[in-house]
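Q: The letter at position 154 of the sequence shown is residue 155 when you use our numbering, and the numbering goes up by one with no holes.
Think of the hints as simulated: they come from the structure by calculation, not from any bench.
Watch out, some of these pointers could steer you wrong.
When the alpha-carbon atoms are kept at most 20 Å apart in a straight line, the in silico EDC-like pairs for lysine to aspartate or glutamate are as follows [unchecked claim]:
| no. | residue 1 | residue 2 |
| --- | --- | --- |
| 1 | LYS115 | GLU84 |
| 2 | LYS34 | ASP103 |
| 3 | LYS96 | GLU84 |
| 4 | LYS45 | ASP18 |
| 5 | LYS99 | GLU111 |
| 6 | LYS31 | GLU125 |
| 7 | LYS115 | ASP18 |
| 8 | LYS114 | ASP18 |
| 9 | LYS90 | ASP103 |
| 10 | LYS88 | GLU64 |
| 11 | LYS90 | ASP72 |
| 12 | LYS114 | GLU125 |
| 13 | LYS114 | GLU35 |
| 14 | LYS19 | ASP103 |
| 15 | LYS45 | GLU35 |
| 16 | LYS99 | GLU27 |
| 17 | LYS19 | GLU125 |
| 18 | LYS88 | ASP67 |
| 19 | LYS87 | ASP103 |
| 20 | LYS21 | ASP101 |
| 21 | LYS51 | ASP101 |
| 22 | LYS87 | ASP101 |
| 23 | LYS99 | ASP18 |
| 24 | LYS51 | GLU27 |
| 25 | LYS45 | GLU111 |
| 26 | LYS96 | GLU111 |
| 27 | LYS34 | ASP67 |
| 28 | LYS96 | ASP66 |
| 29 | LYS88 | GLU111 |
| 30 | LYS21 | ASP103 |
| 31 | LYS90 | GLU125 |
| 32 | LYS96 | ASP18 |
| 33 | LYS31 | GLU84 |
| 34 | LYS34 | ASP66 |
Given the structure is predicted, the values throughout are model-derived calculations rather than measurements.
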Amino acid sequence: MENYTQHAALPDNLKNDKNKLMLSYEYCEKVVKESGTNFYYGMKLTPGAKQKAVLAIYAWMREVDDIADSDIAQKKRQRQLIEFFKKTKAVLNNKVAKVDLDGFWLAFEESVKKYNIPLCYFREMVLGQLQVVHRHPIRSLQDLYRYCYRVASTV
Numbered sequence: 002m003e004n005y006t007q008h009a010a011l012p013d014n015l016k017n018d019k020n021k022l023m024l025s026y027e028y029c030e031k032v033v034k035e036s037g038t039n040f041y042y043g044m045k046l047t048p049g050a051k052q053k054a055v056l057a058i059y060a061w062m063r064e065v066d067d068i069a070d071s072d073i074a075q076k077k078r079q080r081q082l083i084e085f086f087k088k089t090k091a092v093l094n095n096k097v098a099k100v101d102l103d104g105f106w107l108a109f110e111e112s113v114k115k116y117n118i119p120l121c122y123f124r125e126m127v128l129g130q131l132q133v134v135h136r137h138p139i140r141s142l143q144d145l146y147r148y149c150y151r152v153a154s155t156v
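Please take these sequences and the hints and turn them into a complete structure.
A: Right, dumping it as structure tokens:
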């Protein structure tokens, strides 16, 4: 992982921002590594900065999935997913102060912006997870395609 604190000439506040970003990427890697999937090993084969971005995006996806699969009441999960997407939009539209971001959010924001990933993919993932929460029946091949696209292809 790149060492962002090596730039001695940076002002202290900027060094702190870079350190916070580095910690955010480290957090993302930990989330993926501890997820209990084999994604981590495949992602480690991705080169450099792209690897960090993939880990950050996965950490966001993992959070969405964990909300949808949690044991809390259906309405509360729905509300949490909607609020999570609102926060996602706010973060990506610079409506949340960086100082208020923790966990994966800084790495996620930087990665999405760096690689110009459209918000629609994250919206589709949340919509797919809302289908899970609502136990939306799949009645046709088109319904199955839409669901699979949302919860798998957006990844």
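Q: Each of the hints needs a verdict: does it hold here or not?
A: For each hint, the structure was consulted:
{"no.": "1", "hint": "LYS115 to GLU84", "result": "violated, 24 Å"}
{"no.": "2", "hint": "LYS34 to ASP103", "result": "holds, 18 Å"}
{"no.": "3", "hint": "LYS96 to GLU84", "result": "holds, 14 Å"}
{"no.": "4", "hint": "LYS45 to ASP18", "result": "violated, 25 Å"}
{"no.": "5", "hint": "LYS99 to GLU111", "result": "holds, 11 Å"}
{"no.": "6", "hint": "LYS31 to GLU125", "result": "violated, 25 Å"}
{"no.": "7", "hint": "LYS115 to ASP18", "result": "holds, 17 Å"}
{"no.": "8", "hint": "LYS114 to ASP18", "result": "holds, 17 Å"}
{"no.": "9", "hint": "LYS90 to ASP103", "result": "holds, 16 Å"}
{"no.": "10", "hint": "LYS88 to GLU64", "result": "holds, 13 Å"}
{"no.": "11", "hint": "LYS90 to ASP72", "result": "violated, 26 Å"}
{"no.": "12", "hint": "LYS114 to GLU125", "result": "holds, 18 Å"}
{"no.": "13", "hint": "LYS114 to GLU35", "result": "violated, 26 Å"}
{"no.": "14", "hint": "LYS19 to ASP103", "result": "holds, 13 Å"}
{"no.": "15", "hint": "LYS45 to GLU35", "result": "holds, 14 Å"}
{"no.": "16", "hint": "LYS99 to GLU27", "result": "holds, 17 Å"}
{"no.": "17", "hint": "LYS19 to GLU125", "result": "violated, 31 Å"}
{"no.": "18", "hint": "LYS88 to ASP67", "result": "holds, 16 Å"}
{"no.": "19", "hint": "LYS87 to ASP103", "result": "holds, 16 Å"}
{"no.": "20", "hint": "LYS21 to ASP101", "result": "holds, 11 Å"}
{"no.": "21", "hint": "LYS51 to ASP101", "result": "violated, 25 Å"}
{"no.": "22", "hint": "LYS87 to ASP101", "result": "holds, 15 Å"}
{"no.": "23", "hint": "LYS99 to ASP18", "result": "holds, 9 Å"}
{"no.": "24", "hint": "LYS51 to GLU27", "result": "holds, 14 Å"}
{"no.": "25", "hint": "LYS45 to GLU111", "result": "holds, 19 Å"}
{"no.": "26", "hint": "LYS96 to GLU111", "result": "holds, 14 Å"}
{"no.": "27", "hint": "LYS34 to ASP67", "result": "holds, 15 Å"}
{"no.": "28", "hint": "LYS96 to ASP66", "result": "violated, 24 Å"}
{"no.": "29", "hint": "LYS88 to GLU111", "result": "holds, 15 Å"}
{"no.": "30", "hint": "LYS21 to ASP103", "result": "holds, 8 Å"}
{"no.": "31", "hint": "LYS90 to GLU125", "result": "holds, 13 Å"}
{"no.": "32", "hint": "LYS96 to ASP18", "result": "holds, 17 Å"}
{"no.": "33", "hint": "LYS31 to GLU84", "result": "violated, 24 Å"}
{"no.": "34", "hint": "LYS34 to ASP66", "result": "holds, 16 Å"}
Hint compliance for this structure: hints 1, 4, 6, 11, 13, 17, 21, 28 and 33 are broken, all remaining hints hold.
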